[in-house]
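Student: Residue numbers (my numbering), protein chains in the order written: chain B, 1 to 207; chain P, 1001 to 1207.
Quick caveat, the hints were computed from the structure, so don't treat them as lab data.
Where hints are given, some of them may not hold.
Which stretches of chain B does chain P cover? Using the computed rule of at least three CB atoms under 8 Å from a CB of chain P, they are [as the list claims (entries may be wrong)]:
{"id": "1", "stretch": "16-29"}
{"id": "2", "stretch": "62-73"}
In silico DSS-like pairs for lysine-lysine, Cα to Cα no more than 25 Å straight-line [unchecked claim]:
{"id": "3", "chain 1": "B", "residue 1": "115", "chain 2": "B", "residue 2": "133"}
{"id": "4", "chain 1": "P", "residue 1": "1065", "chain 2": "P", "residue 2": "1115"}
{"id": "5", "chain 1": "P", "residue 1": "1065", "chain 2": "P", "residue 2": "1020"}
{"id": "6", "chain 1": "P", "residue 1": "1197", "chain 2": "B", "residue 2": "197"}
{"id": "7", "chain 1": "B", "residue 1": "133", "chain 2": "P", "residue 2": "1065"}
{"id": "8", "chain 1": "B", "residue 1": "20", "chain 2": "B", "residue 2": "113"}
{"id": "9", "chain 1": "P", "residue 1": "1006", "chain 2": "P", "residue 2": "1114"}
{"id": "10", "chain 1": "B", "residue 1": "175", "chain 2": "B", "residue 2": "92"}
{"id": "11", "chain 1": "P", "residue 1": "1004", "chain 2": "B", "residue 2": "175"}
{"id": "12", "chain 1": "P", "residue 1": "1114", "chain 2": "P", "residue 2": "1044"}
{"id": "13", "chain 1": "B", "residue 1": "197", "chain 2": "P", "residue 2": "1004"}
{"id": "14", "chain 1": "B", "residue 1": "113", "chain 2": "P", "residue 2": "1197"}
{"id": "15", "chain 1": "P", "residue 1": "1044", "chain 2": "B", "residue 2": "197"}
{"id": "16", "chain 1": "B", "residue 1": "197", "chain 2": "P", "residue 2": "1020"}
{"id": "17", "chain 1": "B", "residue 1": "175", "chain 2": "P", "residue 2": "1197"}
{"id": "18", "chain 1": "P", "residue 1": "1175", "chain 2": "B", "residue 2": "6"}
{"id": "19", "chain 1": "P", "residue 1": "1175", "chain 2": "B", "residue 2": "175"}
From the three backbone atoms N, C-alpha and C, an ideal C-beta is built for every residue, glycine too.
Protein chains: 2
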Amino acid sequence: MSFKEKGLLVVLSGPSGVGKGTVCRALRERGTQLNYSISATTRKPREGEINGVHYFFKTREQFQKMIEQEKLLEWAEYVGNCYGTPVDYVHKMIESGQDVILEIEVQGALQVKKKFPEALFIFLAPPNLNELKNRIVGRGTETAELIESRMSVAKSEMELMQNYNYVVENDQVLKACDRIEAIVLAEHCRVDRLIEKYMNKEGVDGK
Amino acid sequence: MSFKEKGLLVVLSGPSGVGKGTVCRALRERGTQLNYSISATTRKPREGEINGVHYFFKTREQFQKMIEQEKLLEWAEYVGNCYGTPVDYVHKMIESGQDVILEIEVQGALQVKKKFPEALFIFLAPPNLNELKNRIVGRGTETAELIESRMSVAKSEMELMQNYNYVVENDQVLKACDRIEAIVLAEHCRVDRLIEKYMNKEGVDGK
């Protein structure tokens, strides 16, 4: 019997402003063997963004159709635009034994957990909430009121950590990347993922 | 509230001849932050083995006393000699936040699991059983009959894999070490080990 290990779906999420995008970019620059899911969005392309590379750009109607046909693993509306994860790409990669990483907001992660409970849920956490506040303020794009509102959201988002498998503190980006890579490697060694491989092997039943 | 993370007890086990000792030595040479438990044994020292470094060499009477006083986390008789893990060292290290690795036979690992279910059980597996046979034969110290008997034991030991958390294939020693290090790092990121840290933190409840 040949055993084919499936790939992992890795969901990287955490409070808004924690640095999910930065960590994902750093992982990509390292050449980690993780495939990045490409989101569908109704947002207009920003300068330099290419359809099918950075996003699949969709009209509202197209996006609505994807929802109805259950072609999205999760989706959310954010600042007036819809974002979602096309399910086909994820399934194709996983079946072929490759890992896929999704970088999404916490609400999206909860949706994925319902549809894909066997995914690996990693919560990227700020070293503390003051640090998170500094990052949000540091962007320089938010009003004081919006910052307070975001902090309040971030606090409730932290409570969602209990739905995840792992928590990775984003104290230093490279350390966070090390931890994420270790988690993925470790998960590939879990007995429940591999037992079939060994129990089916010629040697074990004495043949 | 200050949160103090405990160390992990890592139990590395697997069929006789799989290379547990070699992998442990390689981990040690790398300077991994794992503390090595020193076993007690009634076996006579082999050339170069030092009391208190490689083993605590004990008489039968001394060993029996350790069993009676529950000073051993596990023990086993193997080819006429007794081997066991002194419990005091393990507890001391773990309470102080340091990780400890035990390299033991599969029967001992099952005993540890009963007494210490929160330990991390890693099964070191041969790429296949023929490979394992080659290694046992390669030692050149065993008769053909003993080799067959060992292989039969190894096959039944493989079945015990299901009691473990992780399986690491010892295809290449350094790769096996990478996987073990990744597993330990990943386990330190598990939400169930860390949730208390975040939920007790000032920031999260808004203070």
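Student: Has the given pair, residue 1114 of chain P with residue 1044 of chain P, been kept, meaning a C-alpha gap of at most 25 Å?
Tutor: 29 Å, violated
Student: Measure nothing beyond the straight line between the CA atoms of residue 197 of chain B and residue 1020 of chain P; if it is 25 Å or shorter, mark the hint as holding.
Tutor: Judged against 25 Å, a Cα distance of about 21 Å means the pair holds.
Student: CA of residue 133 of chain B to CA of residue 1065 of chain P, is that 25 Å or under?
Tutor: With Cα atoms ~59 Å apart, residue 133 of chain B and residue 1065 of chain P exceed 25 Å; violated.
Student: Is it true that the CA of residue 1004 of chain P sits at most 25 Å from the CA of residue 175 of chain B?
Tutor: The hint holds at about 20 Å.
Student: Can the restraint linking residue 197 of chain B and residue 1004 of chain P be considered satisfied, given a maximum Cα separation of 25 Å?
Tutor: 38 Å, violated
Student: Can the restraint linking residue 175 of chain B and residue 1197 of chain P be considered satisfied, given a maximum Cα separation of 25 Å?
Tutor: 19 Å, holds
Student: Holds or violated: residue 1197 of chain P with residue 197 of chain B, Cα cutoff 25 Å?
Tutor: 37 Å, violated
Student: With the threshold set at 25 Å, check whether the alpha-carbon distance from residue 1006 of chain P to residue 1114 of chain P stays at or below it.
Tutor: 19 Å, holds
Student: Would the pair residue 113 of chain B and residue 1197 of chain P pass a check requiring their Cα atoms to be no farther apart than 25 Å?
Tutor: 24 Å, holds
Student: For the pair we were handed, residue 1065 of chain P and residue 1115 of chain P, check the Cα-Cα distance against 25 Å.
Tutor: 19 Å, holds
Student: Does the structure keep residue 115 of chain B and residue 133 of chain B at a Cα separation of 25 Å or less?
Tutor: 32 Å, violated
Student: Holds or violated: residue 1065 of chain P and residue 1020 of chain P, Cα atoms, limit 25 Å.
Tutor: 28 Å, violated
In this structure, the earlier hints numbered 1, 2, 3, 5, 6, 7, 10, 12, 13, 15 are contradicted, and the remaining ones agree with it.
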